[in-house]
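Residues per chain, in single letters:
Protein chains: 2
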Amino acid sequence: MPRYALKVEYHGAPFAGWQRQKDHPSVQGAIESALAKLEPRAHTIAAAGRTDAGVHGLGQVAHCDMDKDWDPDRLAGALNFHLKPAPVSIVACAQVAEDWHARFSALERQYFFRILCRRAPSTHQAGLVWQIGHQLDAAMMQDGANHLIGNHDFTTFRSSICQAESPVKTLDALRIETVDTRWGPEVHFHVRARSFLHNQVRSFVGTLERVGAGAWAPARVGEALSACDRAACGPVCPPQGLYLAAVRYPQDPFAGA
Amino acid sequence: MPRYALKVEYHGAPFAGWQRQKDHPSVQGAIESALAKLEPRAHTIAAAGRTDAGVHGLGQVAHCDMDKDWDPDRLAGALNFHLKPAPVSIVACAQVAEDWHARFSALERQYFFRILCRRAPSTHQAGLVWQIGHQLDAAMMQDGANHLIGNHDFTTFRSSICQAESPVKTLDALRIETVDTRWGPEVHFHVRARSFLHNQVRSFVGTLERVGAGAWAPARVGEALSACDRAACGPVCPPQGLYLAAVRYPQDPFAGA
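Heads up: the sequence lines are chains A and B, in that order.
Under full-length UniProt numbering, residues 1 to 257 are what the first sequence spells out, in order.
Under full-length UniProt numbering, residues 1 to 257 are what the second sequence spells out, in order.
You may find that some hints are simply not true.
Only some residues are given here: those of chain B computed to face chain A with a beta carbon under 10 Å [unchecked claim]:
| hint | residue |
| --- | --- |
| 1 | 58 |
| 2 | 90 |
| 3 | 123 |
Hints listed in this document are in silico derivations from the structure and should not be mistaken for laboratory results.
A quick note: this is a predicted structure, and the numbers were derived from the prediction, not measured.
Ideal placement from N, C-alpha and C gives every residue a C-beta, glycine not left out.
Excised from the complex, chain A in its bound form (with noise of 0.2 Å):
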């Protein structure tokens, strides 16, 4: 059967996340009505990260097996069409061997963070960040946030139902940086990893979040980290700024997309 590998954008606001519930609207299971559609039998993708609720994608990956030939171009607007009215987007599509995998072949996932500061609610970007009512000193956040890059029993930052195997995960990557917008100030996080244990990424933000407001020296961090203990944690930040980014393969199936 020739595989077919899906960049999939997605809001993530009327889901109960990527994974295919019985009683809930999923994104898998949008992905997978839509596949019905065109080839109508039951349907099964497989995609590189399984995002919570409220979490969006902008580069998600995924692949799906069909029965017929399709040109790359043509199934990802079939699935468009039959996709509306529900917020998910196939942005790219590309075949690729029957034995690469969306979720196995990965080698890297980038995910993404916005928190807006203000005061006054965005009417425009409700929904796309985490607001909050202050100021951030995003140095300070940035110093919190280097004790966590590199190889680490990430205990601490894991939520207690994570089902990974192990806690120790490589951190490549976190960099902050503040952007100004014409909505206000923004802080933006980059975080890249092989892989995140469950609520990871939240752990992080909202435990920076506390450093930026001063509220958190940036060595406790390091201490929360050392402690291995998920009480040491500060507060897991709301879903609704995360964005899974990217996602890293050795080859770009999309290159040619």
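Take the given structure of chain A and dock chain B to it, following the hints.
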């Protein structure tokens, strides 16, 4: 009565436009209703620009007259509380002189327009951009736009229902730039004038899109302008990419806010 200037942000989608209407929701009506929660009586506010249905506010400016002396920050906060859940937000508030007028004191209006160029439907920017499925040549568009800058009879680029006394206006700037975003290439228009005719910006953008797509030579924009004939205009583009970005006054009323 103390007078307050309000900087107002709003999402245009749910509104029939800025101006109060009998049977349709309006931004003006939403703010006047919130004011009536604070000082129960009829309120009438004035704004720098009367935006159309679907057009967004980023830096709209209005003024209101109050019976009581309000701390400006408290007034903004109380209005935002009562405006919920309407997507209207008071992002700044300042007391001004009693003869200061949001409309008549304004020296210049600045509009901002976003086109998103990509085929797949946008899940995060829907309603915030005019999305088109093809690429645009921004340099050609700027060549076309340059014919419009300056003092001209803009009859061609004016809605047939425009109520302005004269079609002669001075366009101070029409700058076009391309911006690469995480969700695809955008073309941005930055437009400045003391005042605008009805549908003038959307007539410009719709016409210049034809230039960017290669359907019109840039010189045809100058010919259309010289014709002083509404029929010579290109198509008027949809409203959801348009933002009233800022209003300039002799002194920035929010400078200290």
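Hint check:
| no. | hint | in the structure |
| --- | --- | --- |
| 1 | 58 | 6 Å, holds |
| 2 | 90 | 6 Å, holds |
| 3 | 123 | 4 Å, holds |
Every hint, counting from the list given before, is met by this structure.
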